[in-house]
Structure formats: C-alpha cells, structure tokens
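Protein chains in written order, with the numbering used here: chain F, 16 to 124; chain V, 598 to 709.
It is worth saying that the hints were derived from the structure and are not from the lab.
Just so it is clear, CB atoms sit at the ideal spot from N, CA and C, and this is done for glycine as well.
Misleading hints may appear alongside valid ones.
[What the hints assert, rightly or not] Listed next, the in silico EDC-like pairs over lysine to aspartate or glutamate satisfying Cα-Cα at most 16 Å (straight line):
1) F:Lys-123 <-> F:Glu-85
2) F:Lys-57 <-> V:Asp-608
3) V:Lys-662 <-> V:Asp-684
4) F:Lys-111 <-> V:Asp-608
5) F:Lys-74 <-> F:Glu-85
6) F:Lys-57 <-> F:Glu-71
7) F:Lys-84 <-> F:Glu-71
8) F:Lys-111 <-> V:Glu-655
9) F:Lys-78 <-> F:Glu-32
[To be verified] Label-pair distances were calculated between CB atoms; the ranges are:
10) F:Arg-27 <-> V:Val-709: 48 to 58 Å
11) F:Glu-60 <-> V:Gln-635: 17 to 27 Å
12) V:Ser-656 <-> F:Thr-20: 16 to 26 Å
13) V:Pro-664 <-> F:Glu-96: 38 to 48 Å
One letter stands for each residue in the lines below.
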Amino acid sequence: EDQVTQSPEALRLQEGESSSLNCSYTVSGLRGLFWYRQDPGKGPEFLFTLYSAGEEKEKERLKATLTKKESFLHITAPKPEDSATYLCAVQGNTGKLIFGQGTTLQVKP
Amino acid sequence: SAVISQKPSRDICQRGTSLTIQCQVDSQVTMMFWYRQQPGQSLTLIATANQGSEATYESGFVIDKFPISRPNLTFSTLTVSNMSPEDSSIYLCSATDTYGYTFGSGTRLTVV
Chain F
16 EDQVTQSPEA LRLQEGESSS LNCSYTVSGL RGLFWYRQDP GKGPEFLFTL YSAGEEKEKE
76 RLKATLTKKE SFLHITAPKP EDSATYLCAV QGNTGKLIFG QGTTLQVKP
Chain V
598 SAVISQKPSR DICQRGTSLT IQCQVDSQVT MMFWYRQQPG QSLTLIATAN QGSEATYESG
658 FVIDKFPISR PNLTFSTLTV SNMSPEDSSI YLCSATDTYG YTFGSGTRLT VV
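All chains should be built: construct the whole structure from the sequences, respecting the hints.
Structure (structure tokens):
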C-alpha cells in the first residue's frame, strides 16, 4: 500500500533559521513526488515535482531533494511569509495522489 | 498551470439536506478529482471524474452519498447528499495538467 509520512508535524523557527522538512514514502512504481504549500482556508499551491532519486529543485528559499525512500524540503533563511502547512504527496502505479499529513511551519520575526 | 474556480467557497447546511459544489477549469483537462480534507487532516481522495464515463470512487465513498457529474472537459460537480455533521469538511477539486496537479481553493462545509 502506498504511504506517505511527514515529519515533524509542526515546526517553529525564528526568521532566518534554516531547517528541513522530511517526507518518507513507500510506493509501488514512483511516478512523481509532489510538494505543496497550503495556507489556511485555501487549496494546496503547487511547489515542486520530483521524478527520480537524486533530483533536486529550487524556488526562492525552498529546495526539494529526493532519494529512493524520502524527500526533504529545505528552507533557507525563512521569512514569516513562509509560514504555512507543507504537504508531500506521491503518485505510484495506481495513478492516485497519496498525501502525507503535512508539516505546519511557523516562522516568527 | 490550469486555474480552477470552485464554488461555493463556504456554506452552512442543515443535516439531511444536500449541497452541490461546482468546479470550473480554465482549460480542458482529462482527469478531475475530488478530495476531502477533514479538520486538521490531510487530503483524502473521494473519486476521480472522467468526462463521458462514471466517476471512480475510492474505498469508503459511494455514489449515492457523493454523486459526481462531469459533463465536459472543463467542469465537474460534487454533491454531498443527506448531510450529517460528520460531513463537515473542506472539499477540494483538482485537475491534472502539464505541471502536475492543480487545486481549487476549496469549499468549507459545515453541517449543523
């Protein structure tokens, strides 16, 4: 059964304090691993898709990496506006998108 | 990427009634999806809606409770039928495009 586990559940950082979010997964035939940002009261906003181990993608202060078992979302020098829930999802041979529980990030000024 | 408009954005409904949620995409898409996000939880897939065929429901979700229509390649509706307080959730529409999966802003449903 495809499964996604995210850690930590919640993370509080000071502005400028870099950290990483983890997404561990088991999937039959990885087609893609997705990172989303979700603000309260809104739908998930697409950040990255990673397709194979070793792949990395960057966008502003965010960098996503992928291994055969997990993905990391690195946040460098975060700002208060980076506060949100970050969701990880995988798509395997079933074609369905399976989501983790999310990590709620709070960045304090 | 595709832009998805979903309405209503929120509603408060009486138990036993039904609510239909509309999802409009600004481009033609092959597959559309409906998710439920219960308070404090992640997204759970309800069903996949393909144009010209019946929706495919996930385990735990049935057509009588969540009927779905997909009349064309840009539009879908989800009805939450005979509602109970346990149906209080955020319902999200999604579609695939070349960038991956795009989501609407969601419908926050409260059943009283």
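Going down the list of hints, with the structure as the test:
no.: 1; hint: F:Lys-123 <-> F:Glu-85; in the structure: violated (27 Å)
no.: 2; hint: F:Lys-57 <-> V:Asp-608; in the structure: holds (15 Å)
no.: 3; hint: V:Lys-662 <-> V:Asp-684; in the structure: holds (10 Å)
no.: 4; hint: F:Lys-111 <-> V:Asp-608; in the structure: violated (28 Å)
no.: 5; hint: F:Lys-74 <-> F:Glu-85; in the structure: violated (19 Å)
no.: 6; hint: F:Lys-57 <-> F:Glu-71; in the structure: violated (27 Å)
no.: 7; hint: F:Lys-84 <-> F:Glu-71; in the structure: holds (15 Å)
no.: 8; hint: F:Lys-111 <-> V:Glu-655; in the structure: holds (10 Å)
no.: 9; hint: F:Lys-78 <-> F:Glu-32; in the structure: holds (15 Å)
no.: 10; hint: F:Arg-27 <-> V:Val-709: 48 to 58 Å; in the structure: violated (34 Å)
no.: 11; hint: F:Glu-60 <-> V:Gln-635: 17 to 27 Å; in the structure: holds (20 Å)
no.: 12; hint: V:Ser-656 <-> F:Thr-20: 16 to 26 Å; in the structure: holds (20 Å)
no.: 13; hint: V:Pro-664 <-> F:Glu-96: 38 to 48 Å; in the structure: holds (40 Å)
When held up to the earlier numbered hints, the structure conflicts with 1, 4, 5, 6 and 10 and fits the remainder.
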